[in-house]
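Protein chains in written order, with our numbering: chain V, 1 to 379; chain A, 380 to 758; chain Z, 759 to 1137; chain R, 1138 to 1516.
Each hint should be verified, as a subset may be incorrect.
[As the list claims (entries may be wrong)] Okay, the calculated beta carbon distance ranges per label pair:
#1 A:G480 to V:G374: 45 to 51 Å
#2 R:A1446 to V:A56: 24 to 30 Å
#3 R:A1442 to V:G374: 46 to 52 Å
Just so you know, the hints here were simulated from the structure itself, not pulled from any lab data. Glycine included, every Cβ here is placed at the ideal spot set by N, Cα and C.
What follows is the residue order along each chain.
Protein chains: 4
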Amino acid sequence: MGRKLRMGMVGGGPGAFIGPVHRMAAELDGRIEMVAGAFSQSAERSRAAGQSFGIAPERAYADYREMIRAEKRRADGIDFVVIATPNHLHLPVAEAALQAGLAVMSDKPATATYDEVVALEMAVAKAGLPYGLTHTYAGYSLVREARQLCASGKLGAIRKIAVEYLQGWLSQPLEKSGQKQAAWRSDPVLNGPGGCIGDIGTHAFHLTEYVTGLKVTSLHATLRTVVAGRQLDDDCNAVLRLENGASGVLMASQVAAGEGNGLRLRVYGENGSIDWHQEDPNRLRVKWLDGPEEIRHASGSYLGADARAVTRLPGGHPEGYIEAFAVLYREFADGLIAWREGKADPLPATLPGIVAGVRGMRFVERAIESNRSGNWVEF
Amino acid sequence: MGRKLRMGMVGGGPGAFIGPVHRMAAELDGRIEMVAGAFSQSAERSRAAGQSFGIAPERAYADYREMIRAEKRRADGIDFVVIATPNHLHLPVAEAALQAGLAVMSDKPATATYDEVVALEMAVAKAGLPYGLTHTYAGYSLVREARQLCASGKLGAIRKIAVEYLQGWLSQPLEKSGQKQAAWRSDPVLNGPGGCIGDIGTHAFHLTEYVTGLKVTSLHATLRTVVAGRQLDDDCNAVLRLENGASGVLMASQVAAGEGNGLRLRVYGENGSIDWHQEDPNRLRVKWLDGPEEIRHASGSYLGADARAVTRLPGGHPEGYIEAFAVLYREFADGLIAWREGKADPLPATLPGIVAGVRGMRFVERAIESNRSGNWVEF
Amino acid sequence: MGRKLRMGMVGGGPGAFIGPVHRMAAELDGRIEMVAGAFSQSAERSRAAGQSFGIAPERAYADYREMIRAEKRRADGIDFVVIATPNHLHLPVAEAALQAGLAVMSDKPATATYDEVVALEMAVAKAGLPYGLTHTYAGYSLVREARQLCASGKLGAIRKIAVEYLQGWLSQPLEKSGQKQAAWRSDPVLNGPGGCIGDIGTHAFHLTEYVTGLKVTSLHATLRTVVAGRQLDDDCNAVLRLENGASGVLMASQVAAGEGNGLRLRVYGENGSIDWHQEDPNRLRVKWLDGPEEIRHASGSYLGADARAVTRLPGGHPEGYIEAFAVLYREFADGLIAWREGKADPLPATLPGIVAGVRGMRFVERAIESNRSGNWVEF
Amino acid sequence: MGRKLRMGMVGGGPGAFIGPVHRMAAELDGRIEMVAGAFSQSAERSRAAGQSFGIAPERAYADYREMIRAEKRRADGIDFVVIATPNHLHLPVAEAALQAGLAVMSDKPATATYDEVVALEMAVAKAGLPYGLTHTYAGYSLVREARQLCASGKLGAIRKIAVEYLQGWLSQPLEKSGQKQAAWRSDPVLNGPGGCIGDIGTHAFHLTEYVTGLKVTSLHATLRTVVAGRQLDDDCNAVLRLENGASGVLMASQVAAGEGNGLRLRVYGENGSIDWHQEDPNRLRVKWLDGPEEIRHASGSYLGADARAVTRLPGGHPEGYIEAFAVLYREFADGLIAWREGKADPLPATLPGIVAGVRGMRFVERAIESNRSGNWVEF
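Same shape as in the complex, but just chain V (with noise of 0.2 Å):
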């Protein structure tokens, strides 16, 4: 192994649960530290957040425009750029990064808008450099498990999927106390028009089309704002239909009292069907029409490459949400690596990249358009 990576990131400052845990998951196998960063628009809480984060101080920047030049300067500096703001500014940080020839990490969303998106596709297509969406879900061993079951056709067809995404942190208006997390979320300028189906929507969108390896090509959808002042969707239950025939059920909440963080994908198929959820995520349900049910354990010596080739820890130790998140951060950083070194395509399928972006916010705006009319859309 060379050298560490150098990552400088965008966002993540103080009141922001991501930061810490993509400087966490970045720097978890030992190829990448985070050396620089734009943690907040306040000098003086950038500052503070880099000190929290070891961060030498004149590498914690009140702009990230300023990060990207003086970095750039820099013989030790930053190699790529973590995007961890409010939406809105996804589009120009990543922008601007790619511009200036770094390679970009980014939060999910990858825009707050779909016109946006459209922008950056151009703009990495451009730019050459590897690209990286953070739908941390598919770094999990498992979902890699059931993504290669899928493949293999041992469920036979795929007919049916249910993806759910419900927590229940936002059944009350918490963003009128000041919760920074909420706030941001529930105001259009800074968020894009989808609130909850943007947010975690998305979410359950893109593992459903990253398990099956297939595309929805319609929708119906009803969004709707539970609490009572919101700007934003809180609740939205979509029917979804798949390229091959399939159907499938989408529901996202974020108003689903008593729910903390719950992404589960179902997939069924003419011979049996998958069930994973992301609280339980080292077990893998796979359910057989003639057999018992099996659970697949994260580290099994009978799982696929796939999922192996992600595995840190032997049977029975759980790996857990950072270290899925690590999983991408992997991917990415040997994909950086690669393209340092002239490969072609260097980021391997299996790391979300701005093709999942453009189809997550094609899918957004697919939904409110949906909502809208009340009708069924094509995608």
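Got chain V; can you put chains A, Z and R on it based on the hints?
What follows is chains A, Z and R alone, placed relative to chain V:
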């Protein structure tokens, strides 16, 4: 306790899983005995079924009209009729019984079509006799607890429901192999126009209204026939709106390979939520916005009166499907006795009856219409 | 099927949870009807209990000897006696029944003491009549599956067992409050010398030998009386050695606060293991050294013949405690009929009988001796 | 935050699962960086390991004494030593580090034998340096919650514990196949006299005393070597007595085929009980004598201060083994800094240290003695 009530069954003969279940459930609590039956339209098969049930040969009839006539003439004749036939016979059998002055306990759905159930409703009203509908799941003690909890207001206003009923047994064209259960359910003439939506969607629908106490007011349904050549739907997804503004998803499938009898209801209120799964019926999960998740166990001293009223065993001694079924029979028997004693409204609100029957058939009709038009429909 | 077998119960009157359970279980499969009983030593209470069971007043006796005499004189007299009394009456009632030529189905433990069970064994042998012992848990279909799996050799040689039976209901001195169940169980005269070890330890012990097919050959037991003032043990831990060199732990407690009826057996072989829990009886977990964990569901098409033989419902329709109990009654009824037809060894090996009764009482006696001496004891 | 603490690892080289885990855990929270190591006694292998960790070649040593000497001479030398070797090296490495003025974080068990741990205890006392012991499971937030709940008295007096640690990975003679982990653990010279009892029994023992706050005062242990030809025990059952009169069972096995890393602790008090399982670490079950079962979820707002202090992620985002491990490193780092600042007792009570190390080795020694004699032994 006086003498046991005497029951005569129509249908439930050889090959029918449900006939013996009705017998076991009816007799479990010692209030009822099955003494007669028209188990099959073949005299020989009816007699064989009767013998397996310990029924005197002369009381195993080949025709339900004959049974009703003959039993009416006996001093020890039946007190009520149980209908366990394919759906197309539900109405004529019920009408014949009611006309003869016999109370009726019927398998669901109440009839094969919505038009029929309207006729049945009138027949029941005219006869003034007890009519029960075996929505079995309403008999589980923790369904009663869930219902009481919703009514108590402790969850706050109901905002969202998610109900699913997933089976896998029709994943292949079983009806073509001569399997009797599959055969009549796949035949529109014997079954009525709703396949999966009628067979199990109605259970999911009933459970939702039963537990929440809220009526569905509009819905958007998508019905599919997944198995090639099948005449009726075998997979259904619907989005529901409830009278208080709540919304939800109803999924029903008989091609969910690997599933057994997966009826599950989740109800989300402002303050918390409940989660009950028929395959784990002795536990009710209650999740609060602020507080630990609770598992309420059947027979817990802390359960409400409704649950305790229908519990037979101490904690940790599982009660199952037959016991739930028997609760309905017990309530029906008590109601029949009360009716004889002149009580005005003899059946308890906890026992599904003709009102539930009408709602269920309306649901099927509306779902088919929504699927046909692709639109939302009022209920 | 000919006429139903007629059963008379001793004990099981007011306040006894087990009386109605015996009645429901005995009658569930339509082979048996309860027609008489000596439910209480008070004539009035016996008659009241009889009435609650729908028993004719003249057949509700105040004395079991009277019941036996009177029923023997009737043309429609009972075929067998069920013993549902406190333990000290098990021997005299069984002896009286056997001497009168009546078969016996008895609650466990078979008697109050080891000396008594030796006497009973002789009485059964002398009478040559069917004698069944209601180790209820042996009636669950997945216990049968576990037993067949052990016998099949697929797990390899059994190396280790872990069995536990944890209840919390005696965490407080309930016997002092007049609770009838607690009162007699805490009285050495009515119960015999083994408290928890006799009441539920015997179940755990039986299940171990029943499923593994291996005999315990020595043990080291520690009995404690946790609740001050209680006369008998309420918590037991034992280490067991089995005839093939395997070893294991048996825990039984009635002061495990928060537990309901937690009987769980795990058996570890060279190649894999099984795990069954009474509170989740329709699932059997099978874990392999190399391969996914399996959950075998009751009624699965892949189950062995023994499990399928005792399954009433399709997959996903839970069967519970009463159904398991009823399996024993069904086997007993079949055995009794076979005995009448002159069959030499009429009871199936799957039905616990006097041999299991002797083993159980020996276990209690040995455990008490080990605890007294602090040493390992041979069995 | 000032500079990161610098850590040098002894052991943990190629083939060792635990080396990378120590590195990830130590660095997770951004307080520590691994900068040196004596990863293997082969210079080449140590350098290779160092390279995989991103360690400068000159700081990858072949001998721990050399590492200590060389690092002491560097201005940027290590602040503490992590011991991740087979057990027989724990004492000499720890002594060498302490003599050089370096704090120590050690894998458990603290030493290979009881005599050694007594020597180590003196060395730690003499050096006055922080010494931490990685009983990893003590780092889970819900273990902290369980500990705080026991201390709170809400469960009432503790009456009973049941602790088990079941693994299956040594079900076959893996040590003969050259598997490194199995090889040294099966060699009394490298491992010490306690096989399974030392490797994982000590974890179970520690967890018991850690959570309950009660000391074991006597025990009766049975150790077995199940796999033919193995030199050390691979399966252990023990009955424990605790200082307050409570009792319990400890099971540990490495031949429990099908088990992964099954560490589970149940504690029964007068009023309720707790149940925690390492393979489902983000849930703590609390069962009350009168009230619903509770599931406390990691990160719940209702958790005690101790659990919340070691939680990184919002509810529903699983933390796993590495995160638990990292909690110990974080506490150790804080303690080391506090020690430098002259704090008298710098390590928190929540971090296992030399006292736990002595208890653990005493437990092993006592268990072996009990097994040898067949008797209860005082502790």
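Comparing the hints with the structure gives:
1. A hinted range of 45 to 51 Å holds for the C-beta pair G480 of chain A and G374 of chain V, which are about 50 Å apart.
2. At about 28 Å, the beta-carbon gap between A1446 of chain R and A56 of chain V stays in the expected band of 24 to 30 Å.
3. Remark: the range hint 46 to 52 Å for A1442 of chain R to G374 of chain V is upheld by a beta-carbon distance near 50 Å.
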